[in-house]
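J.: Just so you know, the sequences run in chain order V and C. With this note's numbering as the guide, the letters of the first sequence map in order to residues 3 to 230. With this note's numbering as the guide, the letters of the second sequence map in order to residues 58 to 283.
Think of the hints as simulated: they come from the structure by calculation, not from any bench. These figures come from a predicted structure and were not determined experimentally. Take the hints with a grain of salt, since some may be wrong.
With a Cα cut of at most 27 Å, we get these calculated DSS-like pairs of lysine-lysine [what the hints assert, rightly or not]:
no., chain 1, residue 1, chain 2, residue 2
1, C, Lys119, V, Lys111
2, V, Lys148, C, Lys119
3, C, Lys97, V, Lys58
4, V, Lys147, C, Lys119
5, C, Lys196, V, Lys111
6, C, Lys185, V, Lys51
7, C, Lys161, V, Lys51
8, C, Lys119, V, Lys57
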Amino acid sequence: MAEGKGDLKLLGLWATPFVMRVRMVLEQKGLKYENLEQDLSNKSELLLKHNPIYKKVPVLIHGGSAICESLVILQYIDENWSKTGPPLLPSTPYERAIARFWTAYIDDKLLASLKGILMAATEEAMTEKIADTYAALETLEGAFKKCSAGKGFFGGDSIGYLDIILGSLTVWIRVLENISGAKLLDETKVPLLVEWEKRFLTADYVKKVLPTVERLEEYGRARRANIG
Amino acid sequence: MAETAKLLGTKGSPYSHRAEVALRLKEANFEFLHEDLAHKSDMLLRYNPIHKKIPVLVHGEKSIVESLIVVEYVDEAFDGYAILPSDPYERAMARFWARYIDEKVIPAFWMSCWTDGEMQKGFIAQAKETLTTLEGQLKGKKFFGGDSIGFVDLAAGMVAFWFGILQEVAGINLLNEEDYPVLCRWADDYCSIEPVKESLLDRKLLVAHFASKKEKIFATKAPVYD
Chain V
3 MAEGKGDLKL LGLWATPFVM RVRMVLEQKG LKYENLEQDL SNKSELLLKH
53 NPIYKKVPVL IHGGSAICES LVILQYIDEN WSKTGPPLLP STPYERAIAR
103 FWTAYIDDKL LASLKGILMA ATEEAMTEKI ADTYAALETL EGAFKKCSAG
153 KGFFGGDSIG YLDIILGSLT VWIRVLENIS GAKLLDETKV PLLVEWEKRF
203 LTADYVKKVL PTVERLEEYG RARRANIG
Chain C
58 MAETAKLLGT KGSPYSHRAE VALRLKEANF EFLHEDLAHK SDMLLRYNPI
108 HKKIPVLVHG EKSIVESLIV VEYVDEAFDG YAILPSDPYE RAMARFWARY
158 IDEKVIPAFW MSCWTDGEMQ KGFIAQAKET LTTLEGQLKG KKFFGGDSIG
208 FVDLAAGMVA FWFGILQEVA GINLLNEEDY PVLCRWADDY CSIEPVKESL
258 LDRKLLVAHF ASKKEKIFAT KAPVYD
């Protein structure tokens with residue numbers, strides 16, 4: 003099933019959204035791959051060889067050639083297997099630019115505020131990061147309204163690039179709600195996103211890849227416990 | 058579409074430069090609207106309400122922002138010159154190295170210019186490493202894009218033209234022919250390409266601009282590109 007150069011290996015870590023998004027797309031496209039969980043506290047030869055610059059996951063190895071950085075990988079999968087499964091990115095240049103813009107926004111603003119909640123050492127810091135998260139989600143609510151144009155997903159009728167990007171953060175958002183006590187995906191503030199999330203979570207490949215809240219919360223709390 | 062595009066930008070900005078060169082490579086019909094970043098226009102605020110930054114490409118009724126997103130859009134929406142390669146793996150490599158430039162090369166160099174003491178030493182060490190890595194990508198090729206300039210060359214435009222100016226104003230000597238002969242040769246070749254030349258401000262003007270803003274940049278570490 004590998005188009006072109008050979009078999010697929012994914013160097014990943016179950017808990018990171020950057021890996022979740024790649025796995026969801028591989029599953030969505032129905033591509034066979036070997037999932038190699040990495041221990042980032044003791045980096046493997048394979049990881050250091052194939053991602054010498056960043057030494058991070060995910061790394062997709064296709065027949066020996068490595069592709070690093072989740073967004074680069076997602077677009078590679080979409081373009082290399084363009085005839086397999088549904089297209090990931092939208093079909094027009096403008097819609098693709100919009101999807102890329104909101105992806106950058108999610109990866110800069112939303113991720114930063116979520117990470118901030120996870121790592122908040124004081125009540126004050128936590129409150130600030132919760133406020134930042136609300137602001138980012140409200141902005142994304144507006145983005146959803148425009149991108150979906152009345153349909154169920156950012157990508158329209160079916161799950162697309164932006165759905166996968168935001169979708170890869172959904173379990174973490176639940177975990178951080180439990181940790182912070184704040185309802186982040188609040189139906190009174192972001193009703194469209196709340197409904198979108200329900201639809202997103204019904205897809206088989208999403209259910210297969212996303213970890214349970216319980217497992218991720220244990221992981222998240224352990225990380226919090228390690229803060230200075 | 059045959060409609061004239063509008064590019065909101067400044068000649069002093071390397072990010073605006075990326076978008077401008079992309080449009081010139083495509084021989085697109087476009088109008089350059091110079092933004093005064095100290096007094097942002099209604100047009101800028103309307104078309105980029107989230108970040109309020111340049112460049113902004115207005116094409117028809119649509120606006121596209123973020124320099125590399127603009128470049129990819131221009132590549133896809135306009136016929137002619139191929140900015141990104143056609144092979145998916147080569148495209149992935151181009152995107153990877155463009156991100157590397159934005160995330161590692163530029164920040165390390167920028168901070169090397171505008172810090173001092175131990176902090177500066179740390180940034181200089183980082184900058185040297187990133188420049189070496191970047192130079193490594195040129196081995197055997199005239200440009201990052203191969204025989205002609207491409208996505209990574211545009212992303213690296215700041216390295217080709219602005220780095221020399223910034224280090225002169227800052228009084229450091231990081232990017233030089235002795236340490237980076239291949240990268241410096243590439244910089245000269247890149248700046249000689251017609252569409253690139255047309256978009257670059259006179260070097261003396263840019264030196265004077267950064268020199269006049271030196272203290273402010275040193276204090277805030279924030280760029281001032283207009």
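J.: Compare the structure with each hint and give your call.
T.: Against the structure, the hints come out as follows:
no.: 1; hint: Lys119(C) with Lys111(V); result: 23 Å, holds
no.: 2; hint: Lys148(V) with Lys119(C); result: 13 Å, holds
no.: 3; hint: Lys97(C) with Lys58(V); result: 39 Å, violated
no.: 4; hint: Lys147(V) with Lys119(C); result: 17 Å, holds
no.: 5; hint: Lys196(C) with Lys111(V); result: 36 Å, violated
no.: 6; hint: Lys185(C) with Lys51(V); result: 22 Å, holds
no.: 7; hint: Lys161(C) with Lys51(V); result: 19 Å, holds
no.: 8; hint: Lys119(C) with Lys57(V); result: 38 Å, violated
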